[in-house]
Each structure stands twice: as C-alpha cells, then as structure tokens.
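A.B. asks: Sequence:
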Amino acid sequence: MAATIYGVRSFFLSAAIVILFAGRYGGAAEATGGYIKYKDPKAPVEERVEDLLIRMTLPEKLGQMCQVDRFNFSFFPTGQEIFTKYMIGSVLSNPYDTGASQLKRVLTSNTMQKLSLSTRLGIPMLYSIDAVHGHNTFINATIFPHNVGLGATRDPQLIKKIGAITALEVKATGIAQAFAPCVAVCRDPRWGRCYESYSEDPKVVNMMTESIIDGLQGNAPYIADVKTNVAGCAKHFVGDGGTVGGINENNTVADDATLFGIHMPPFEIAVKKGIASIMASYSSLNGVKMHTNKAMITDYLKNTLKFQGIVISDWEGIDRITTPPKANYSYSIEASINAGIDMVMIPFEYKEFLEKLTNLVNGGYIPMSRIDDAVRRVLRVKFFIGLFEKPLAEETLDPEFGSEAHREVAKEAVRKSMVLLKNGKTNADKVVPLPKKAKKILVVGRHANDMGWQCGGFSLTWQGFNGTGEDIGRNKALGLPTGKTRGTTILEAIQKAVDATTEVVYVEEPNQETSKLHRDAAYTIVVVGEVPYAETRGDSSTLSIAEPGPATINNTCGSGMKCLVVLVTGRPLVIEPYLEKIDALAVAWLPGTEGQGVADVLFGDHPFTGTLSRTWMKNVAQLPMNVGDKNYDPLFPFGYGIKT
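Going left to right, the sequence shown walks through residues 4 to 647 as the working numbering numbers them.
Some hints could be false.
To be verified - Mimicking PhoX-like on lysine-lysine, the simulated pairs with C-alpha atoms at most 20 angstroms apart in a straight line are:
1. Lys584 to Lys565
2. Lys499 to Lys443
3. Lys297 to Lys309
4. Lys163 to Lys276
Claimed, not checked - FRET-style restraints, in silico, Cβ to Cβ:
5. Lys329 to Lys206: 18 to 24 angstroms
6. Ala298 to Arg540: 29 to 35 angstroms
7. Lys309 to Glu352: 31 to 37 angstroms
8. Lys440 to Asn143: 31 to 37 angstroms
9. Asp401 to Ala431: 51 to 57 angstroms
10. Gln625 to Thr399: 52 to 58 angstroms
11. Thr545 to Val256: 21 to 27 angstroms
12. Tyr635 to Ile57: 27 to 33 angstroms
13. Gln498 to Pro327: 48 to 54 angstroms
Don't read these hints as lab results, they were simulated from the structure. Don't be surprised by glycine CBs; every beta carbon is placed ideally from N, CA and C.
Please put together the full structure from these sequences, using the hints given.
C.D. replies: In structure tokens, the structure reads:
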C-alpha cells in the first residue's frame with residue numbers, strides 16, 4: 004500500500020459520542036422482533052450471507068465495497084457520517100497513523116464499530132492496517148526483520164510464530180485485518196519493494212506463505228480464533244516482483260511458464276490456506292493493468308482457483324489505472340469493478356466514488372450481479388472472522404503488546420536471518436566469532452546506532468523513520484514519530500555483549516585519522532547499508548551502499564586492524580569493490596527493533612545459520628540474475644552462507 008503525508012490532524016471523538024451510541028449499536032438492525040437468520044450464529048455462513056444480502060439497498064451494498072482512511076473519522080460531527088450516512092464497510096489506518104496509544108486505538112475502533120452497528124442492518128465494519136513485519140505502524144510494537152531476512156532463515160515454524168505474534172499485537176489495537184503477507188517473488192533487487200519478498204525462489208516464498216498465513220489466521224476458514232487471529236491479505240496480485248528493470252508499478256512481461264511457475268504459486272497456496280483477501284497490484288501484466296485484469300482476477304483467481312474471499316484494490320489503485328491518475332474516473336471505476344475488484348481503497352474521495360459507482364450501476368454499465376458478488380464476498384469474510392458475533396475490540400490484550408516474550412522471538416528471527424558471507428582472508432584467519440574481552444573495540448557507521456535505519460521502510464511511517472537526535476525536532480514538527488520506539492540498536496547490543504572491561508568506542512562517521520587514533524583497538528565493526536525507503540522511492544539503478552558508507556569502509560578497513568562489515572540492507576548491494584579490504588562480511592538485512600540478535604551471532608552466543616534467499620550479484624549489469632539462469636555468475640550464489 005502506498006501513502007503520502009497528509010496535513011490532517013487527528014483527534015478522538017469525545018466520550019459523549021461513545022455514550023450516545025453505546026445504547027444503540029446492534030439495536031437498530033431490523034428491529035421487528037422476528038427471527039433474523041443473518042443474526043443467528045448457528046446458521047450456516049452462506050445462508051446468513053444470502054439472508055442479509057437480500058435485505059440490503061443499493062446504497063448499503065455500495066458502502067460495503069468501500070474502504071476509507073480512519074482520518075476521515077477524526078472530524079466531528081461529519082466523521083460519523085462515514086458509517087451512519089454512507090454506510091462505509093471498512094476503514095484502514097495509513098502508515099502515518101501511529102500516534103495513539105494501544106488502548107486509545109481500541110477505544111477509537113470500538114467507537115467506529117458502534118456507529119456501524121447503529122445502522123439499519125447493523126453490519127460491522129472491517130478495520131485494516133499494514134502489518135508487514137510485525138505491527139510496524141505502532142510505537143513500541145515488536146518489529147520483526149523484513150521478509151528478505153525471514154527468507155534467509157528457511158524456518159517455517161519461526162515464520163508461523165511471527166505471524167501469530169503479529170496477529171495478537173494487531174488485535175491488541177482493535178484492528179481485525181493485516182495487509183500481509185506480501186507473497187511477491189522478487190526477481191530483480193533494483194525493485195524498491197524487494198525487501199518485502201521472501202526470496203527470488205518461488206519454493207521459498209511458497210513455504211513462507213503457508214506458514215505466515217497459519218500464524219496470522221490460524222487453520223480454520225479465514226481465522227481460527229476471533230480473539231487472537233486476524234484476517235490476512237496476500238499481495239500484490241500478480242507478478243509485481245517481475246517488473247521490467249525492477250521498476251515499481253511497471254509492466255511485467257511473462258509467458259505462461261513464468262507466470263504460473265514463478266509468480267502465481269504463492270497465491271495458489273494462499274487460496275488453499277483460506278486467505279481472507281487478496282490485494283491487486285499497481286503493476287501491469289503483459290500490458291494490462293492488474294486492477295482491470297478480468298482474465299486474472301475473475302477468470303483465474305475466482306473461477307479457476309475458487310477464491311471466495313475479498314479482492315481489494317491497493318491505495319488509490321483504481322485512480323492509477325489511467326495516466327495521469329483519475330483522468331477518466333468513471334472508466335476506472337467501471338473497469339476495475341467489472342474486472343472483479345470487490346472492495347476499493349479510496350482513502351478520502353469516497354463521496355465522489357460512491358456517486359459515480361451508483362450512476363454506473365443504475366446506467367447498466369456494472370451489472371447488479373457483479374455488485375452482489377462483491378458484497379457477498381465482503382459479508383462472507385465478516386461472518387467468518389467473527390465480526391457479527393464479536394464486533395468490539397478487547398482491552399485485555401494490552402499486556403501482549405510489545406511483550407518480552409514477543410521480543411525474544413524477534414531476536415531469534417534476527418539471529419537466524421544473519422548471513423555470513425566472508426570470515427577471514429584465509430581459512431586459518433577467522434574473524435567471527437568476535438572476542439568479547441579486549442582492551443578496546445571500535446564501532447563505526449550510523450547504521451549501528453539508528454533504530455529507524457535498522458528497521459527500514461514501513462516502520463512507524465511509510466518511508467521509515469530516522470532515529471537520531473537531529474531528526475527528532477523535524478519529525479515532531481511534521482507530526483511524525485520521533486524514533487522513540489522501544490528496542491535495541493546494534494551498538495547498544497554490542498555494548499551489552501562485550502566484557503565489562505572492554506572499552507567500546509563509537510564513531511558515527513570516521514575519517515582517515517580515526518583508525519590511527521584508535522590503532523590500539525582489537526578490531527573494528529563497520530555497520531553500513533541503505534537508508535530507509537518504501538515502494539517507488541526505493542527503486543535503484545545502482546544498488547550502491549548509501550553515503551557515507553563507502554568512505555566509512557575505506558577509512559577503517561585495510562588499515563591493519565581486523566575489520567568486520569555488517570550490512571543493514573533490504574537487498575544485495577554492490578560490495579565487490581570493497582571485498583578485498585574487508586576481513587569479514589555479514590548481512591543483517593533489516594533486522595527490526597531487536598538489534599541484540601545481531602550481537603548474539605557476532606560474538607558467538609548463537610551460530611550463523613542463515614543462507615542467502617537472493618542471489619548476490621557482482622554488479623548491476625548482471626541483473627536480472629536468479630538461481631537457475633543460464634548465465635549464472637554471482638559474487639555469492641543463492642543459498643550461500645558460512646556456518647559457525
């Protein structure tokens with residue numbers, strides 16, 4: 004999902020609104036006193052769906068097809084109309100909606116839900132959020148490594164635990180759906196979303212897809228436990244990991260062997276696992292925008308695979324069908340709905356959308372059968388995930404949010420995701436594990452001491468955050484997180500891991516004199532990599548280490564002191580020019596909040612076990628290059644990783 008910074012100030016509705024609707028929710032629906040099948044939890048879900056569907060007016064049906072941004076609700080009194088007038092069926096929190104405490108968000112969720120339940124039919128709303136590496140939008144949540152690191156673990160049981168923890172923390176904030184997992188098969192690391200992909204190999208992606216859905220949803224239809232599981236969303240359908248040149252939202256050129264052998268299998272698995280929803284991709288497939296691709300959405304996904312859940316658009320996805328966006332909005336609505344989109348993510352312009360959609364239905368351009376199919380799918384998911392029986396969020400999950408037990412699993416994930424690519428210039432000259440006891444060690448590079456940079460994009464905000472002092476004032480002025488989320492930086496973890504007598508000297512940006520000044524250090528740990536990004540802003544034609552990373556390596560490695568480089572990155576970077584200078588090289592990927600896991604393997608408390616889930620190229624001229632290609636000549640091959 005994409006987002007931009009909005010000049011919208013959020014505030015919560017007053018307690019008076021809660022009281023106003025507390026006595027009404029659920030009581031307004033068909034208050035005739037007779038038996039109402041859709042309200043009977045013992046009735047079969049499909050019968051409940053049909054019973055409710057035939058009672059609905061056209062405006063009520065179209066409202067269920069809309070998902071709007073929660074910020075709309077912040078305006079009193081018009082925010083109430085989202086539910087009471089327009090009967091919107093779903094809301095989402097965008098990746099900047101991070102300011103509230105966990106308990107305040109539960110209150111907000113329940114206030115919105117009571118408004119939904121106060122309508123004529125009492126249909127509950129579905130609340131959704133991006134939770135792509137833990138509950139990553141919320142301060143003090145447990146943030147796990149991004150998928151590129153999890154793919155390196157090759158540990159499906161660990162991934163299942165991560166899914167279950169993510170679901171529990173999402174539920175603890177009153178939210179019922181996570182826009183996860185991303186099941187893209189990234190075939191070109193120049194793509195700005197490559198870190199959201201588990202691997203270039205569909206077999207690895209398939210394995211992780213199955214496990215993460217088991218964790219998020221459980222094993223029953225859609226979700227197993229109303230209290231602790233969430234509805235998942237497999238994304239982005241289909242082929243977004245194979246765009247030409249690795250350019251985000253570009254065209255993917257794929258024959259049947261490529262499409263059905265590489266990009267489609269994770270979605271087939273997601274459907275078999277009962278995924279609640281699937282999100283369409285911004286990208287095109289063989290020149291056809293995926294948001295308008297009826298052959299893929301309706302003919303294959305719905306009719307061939309028998310997918311029964313919701314097909315949802317991406318953020319303003321239908322707007323981007325045309326260039327420029329919304330150039331012909333009526334056409335975009337007609338094309339996307341007729342292609343099989345069931346729920347449309349229209350953050351703010353929902354009134355215009357509903358007006359045009361109503362006209363298209365009344366004019367016969369979109370058949371009522373298509374509307375009924377879409378609404379039927381939305382209702383089916385809401386019934387299966389327990390919203391009708393248990394619509395209100397609980398406050399009792401508060402102790403689970405960001406708990407120590409959850410962080411222990413995150414540390415395990417970091418440890419198992421670490422990949423050792425070089426360990427000494429000769430077999431007899433190993434650097435790792437590092438000795439804990441030394442007179443002095445030198446740690447250099449901003450990535451060692453910046454929580455935001457080690458978390459990467461989709462962390463507190465869409466594009467990630469900066470966690471150093473000079474950024475806090477700027478972020479505060481913009482209404483963005485200040486980096487004060489709970490966790491351990493890599494530097495803090497190193498300081499904790501070494502012997503109490505060992506002096507740890509940290510230099511953020513070393514110059515040529517730094518190594519001379521600290522020549523008595525036993526070794527240097529250099530932590531460099533990428534600056535946080537998300538989506539198109541992450542597209543890169545060079546895959547270079549971010550400045551001043553190259554200078555940091557050159558100023559500290561090759562000086563006679565042992566030099567271990569740790570890369571904090573969402574993908575392989577061009578490292579060959581520096582490899583001769585480096586004594587040891589490890590990849591931490593984007594480890595999240597628990598930097599202790601990095602130190603655990605560097606100092607030998609746990610072994611290096613991770614292996615590359617991506618091919619590590621020598622240079623970008625080789626790209627795209629994936630395991631199994633005819634001319635496969637990598638710097639480090641897929642599956643490589645030194646064990647300790």
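A.B. asks: It remains to establish, for every hint, whether it holds in the given structure.
C.D. replies: Structure-based check of all given hints:
1. Lys584 to Lys565: holds (10 angstroms)
2. Lys499 to Lys443: holds (14 angstroms)
3. Lys297 to Lys309: holds (15 angstroms)
4. Lys163 to Lys276: holds (13 angstroms)
5. Lys329 to Lys206: 18 to 24 angstroms: Because 40 angstroms falls outside the window, the suggested range is violated.
6. Ala298 to Arg540: 29 to 35 angstroms: holds (31 angstroms)
7. Lys309 to Glu352: 31 to 37 angstroms: holds (33 angstroms)
8. Lys440 to Asn143: 31 to 37 angstroms: holds (34 angstroms)
9. Asp401 to Ala431: 51 to 57 angstroms: Because 54 angstroms falls inside the window, the suggested range holds.
10. Gln625 to Thr399: 52 to 58 angstroms: Holds - the Cβ-Cβ distance for glutamine 625 and threonine 399, about 53 angstroms, lies within 52 to 58 angstroms.
11. Thr545 to Val256: 21 to 27 angstroms: holds (23 angstroms)
12. Tyr635 to Ile57: 27 to 33 angstroms: Roughly 58 angstroms apart at Cβ, these two residues miss the hinted range, so it is violated.
13. Gln498 to Pro327: 48 to 54 angstroms: Holds: the Cβ-Cβ distance is about 51 angstroms, inside 48 to 54 angstroms.
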